[in-house]
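Student: Residues per chain, in single letters:
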Amino acid sequence: MSEITKGGRDPLDEALASLSADVRPERDLWPEIHAEIAKTPILAPASRVQTTWFRLAATVLLVVATSFTTYYITRHSVQPQTAQNVEPLPAPVTPVQPASFSFGPERLGAGYMNARAELDKRFQERLATLPAADRAKVEKNLADIRHAADEISATLAQHPSDPLLQDLLMSTYQSELQLLANVSDLPSAGSMRTDL
Amino acid sequence: MRVAVTVAAALLLAQAAGAQEVQKSAQADPRGEVVISNVAGEVQVTGWDRNEVHVSADLSDDNQRLEFRSSGARTTIEVVLPRGHSYQGSTDLVVQIPRNSSLSMTTVSADQTVKDVRGTQRLQAVSGTIQTELWNEDLELKNVSGEINVRGHNGKGALRATSVSGGLRLEDVGSEMELNTVTGDMTVRVAELSKARIRTTNGNVELRASKVTDDLRIDAEGINGDLRFRFPRTLDAEFDISTFNGDIDNCFGPKPHKTSEYGPGNALRFKEGNGDGRVRIKALNGTVEICNR
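Taken in order, these protein sequences are the chains called A and B.
So the first sequence is residues 405 to 600, counted in this note's numbering.
So the second sequence is residues 172 to 464, counted in this note's numbering.
Chain B on its own, in the form it takes in the complex (with noise of 0.2 Å):
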């Protein structure tokens, strides 16, 4: 009886604010395109094997309006503000969307969660959270002020995240990928890596390949903060390391050597096995440590 008092009352008030709870679809390609923006909120997308495209909004006043289009082979969710208002509320997004679409979404202030989602996914947010996962196809991400979650099927998909103040933490994504951090660690686990080029001016990266392709690539700069290195037992490779200002430890067994008397940089050039491979890491501050256990 409590409990019913309670959600009558919640009801009231969710009225009495304007809420309202828009449920909208439309049929869609099975491999089209989705487009989502929104505002504050959050927005959770979810992939299905049915041909169309189901958004539930819940809008938190009357000021707001969902627009809903379907197009050919794409579909737009936009979340429309009152003109010439400081909007304060928010809007959660539900949308299901055909498995194999690419998906297309812009936040501001607003989470970001996508499920299930095979097709390609272009995903910027500001001020939000981005959790996405990597399939066979390839997956660019933006974020400033968020963070980025990733976790991959050890699919075929490329991946590229930029972050600006936030970290990344992706797990068994594909083979390739290009990251970047401004302020902010990474943390990569992958079954296998072939190309990798990494950037990062504050922020530790931490990257952990189980097994590397004959022709991999890592071409790994640090300005401030360390970068670790964890590869297999064995691999073919050759090394090249250096250091302005930070040590190089090295599991391989070669030593690195001072790169100058006085000063604190470091050097390590080596080739393990077959040396086919090519890693090249610089770092300005920071310890570069590769290992293969």
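Here chain A stands alone, though its shape is the one from the complex (with noise of 0.2 Å):
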């Protein structure tokens, strides 16, 4: 509890009122700011192009996250009946190569490149053990995909804050991933029991 003074005031408020109001330092402290400030580096804010590549390269690598889950414990799943008498059928003639996007999924950085090419890899294997006519149908479509990922990242070179060509670059490489998840996990010849 507070006493109240002859003038009606608490004697706290009086002993703040009396208390200067302008706190000078004991020095001019700027110039040492400023030199601080000055060994600092100033970042430049990432371009909105920047900051869209990096979010559409986190959904392509979830993407890749998801296939190769799906694709590991399907695998697993079918792996005792299909680890016998595979009979391989030879190397397709024309082997599928990534493409080279002008604007392409280095973008998106070595882990996706990485995840690419082993999933890639599981579909060549899988696809060599499809029927010629179907492997030839497969082959078309994912030559279809790439070249439409050719065809939008070299326009999307030109007109790089092009949002439209972004999102249907960044939809194209999310069906080819889908291609090669499906593929990988689809059934083949190979891929029935054959342990009779």
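Not one of these hints is a red herring.
Some, not all, of what chain B presents toward chain A, calculated at C-beta under 8 Å:
1. S280
2. I394
3. F415
DMTMM-like, lysine to aspartate or glutamate: derived pairs with alpha carbons at most 20 Å apart:
4. K442/B x D390/B
5. K195/B x E249/B
6. K544/A x D356/B
7. K544/A x E318/B
8. K429/B x D571/A
Hints are computed from structural coordinates only; laboratory data are not their basis.
Using N, Cα and C, we set each Cβ at its ideal position, and we do this for glycine too.
Got two chains here, each in a separate frame; can you build the complex from them with the hints?
Tutor: Pasting the structure below:
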């Protein structure tokens, strides 16, 4: 409980009022602050395009991770059956090559590229077990997707901030991964039981 | 007389070739899981009202075996091929399963036909047509080099279909779907549409919805091909459509604008009704058409 003075004011209020409102520093601090600021490198804000690519990269990596998880779970569940007597057909005459995008997937980072290469390897293994006619169709479809990605990335190189092209390119990369994962996951004659 | 001789000759030829018909059956959980796999031939699966799985297999030669296992709520039907042989024959399977079973089927070079199976279905095929029905449970379809045909019953089941080198034809399916084709056209007709995610690389899309929900969400992207949507006369949705190289035809009224003075791209954003729903369509090379009639 606080006492009230004759003037009707609280002593604490009076004490506060007696303090100087302007606290002066002992010395001028600004030159030192300025020097410290000057020592710290200034980071330029990420451009919109760069930010978008990071966001897209995260999306694609998520797709890759999901595809791999699905693939491995499926692979392990059928491994005892498929490990035996798979008669691989001759490797396709025209092996599917990774596309060389001018505004391409390498922008999504080494992690993505490694995962994509690994998925492509599994895809090639499974592709080799498909009937020749189906193999040709799958290769044609993958070539179409990669051609579309090439086409979009070339155009995107001319219009790097076009959000429509960015979305469509990312969607095409996802289609490519989905195709690789789906074919790796799909049944083939070699994946059926042949242990009679 | 001549017919009888022909039939007898055919039977003798079949016997000589080693063809055999096998029939097996087992009690099954009414909501159990049935797993089927087959290489080459045809598989017909029908739901029935018995708690029993029955299979009739027409094996083309003695080198094949039908494996039929039942364990708990799971029944497995598998055509087992001879070890080390290059398989040339085909096997037809006719299977009856409890109507509410879930079904998982994988085939290579075999057509799949499923009727009146009302549990969840997961069907995968390479080089063969998939034909099935959609009821109130979810349906997942993957096909490489073959068509997918689904006849729905306007049920609640969600549909997820992926096709590589093959078209999709969907009628009266449920209100939620995720559709992907690499090369192939999509034709979709629904009584009511709520959520659709559509992706195509090379192919046309035609989607017709008689009714849409208030929370309509459509997200469609096409690389090469026309995307056509028919909606009911009135709806509440905000449209966001853009093409890099293609026209936008809009029956709702607002006209698209060029995205660049010299380029072929178009964009269109407008709101219809309250604008509660969202329709987002993007195309690289192709026409987008939205219409309400």
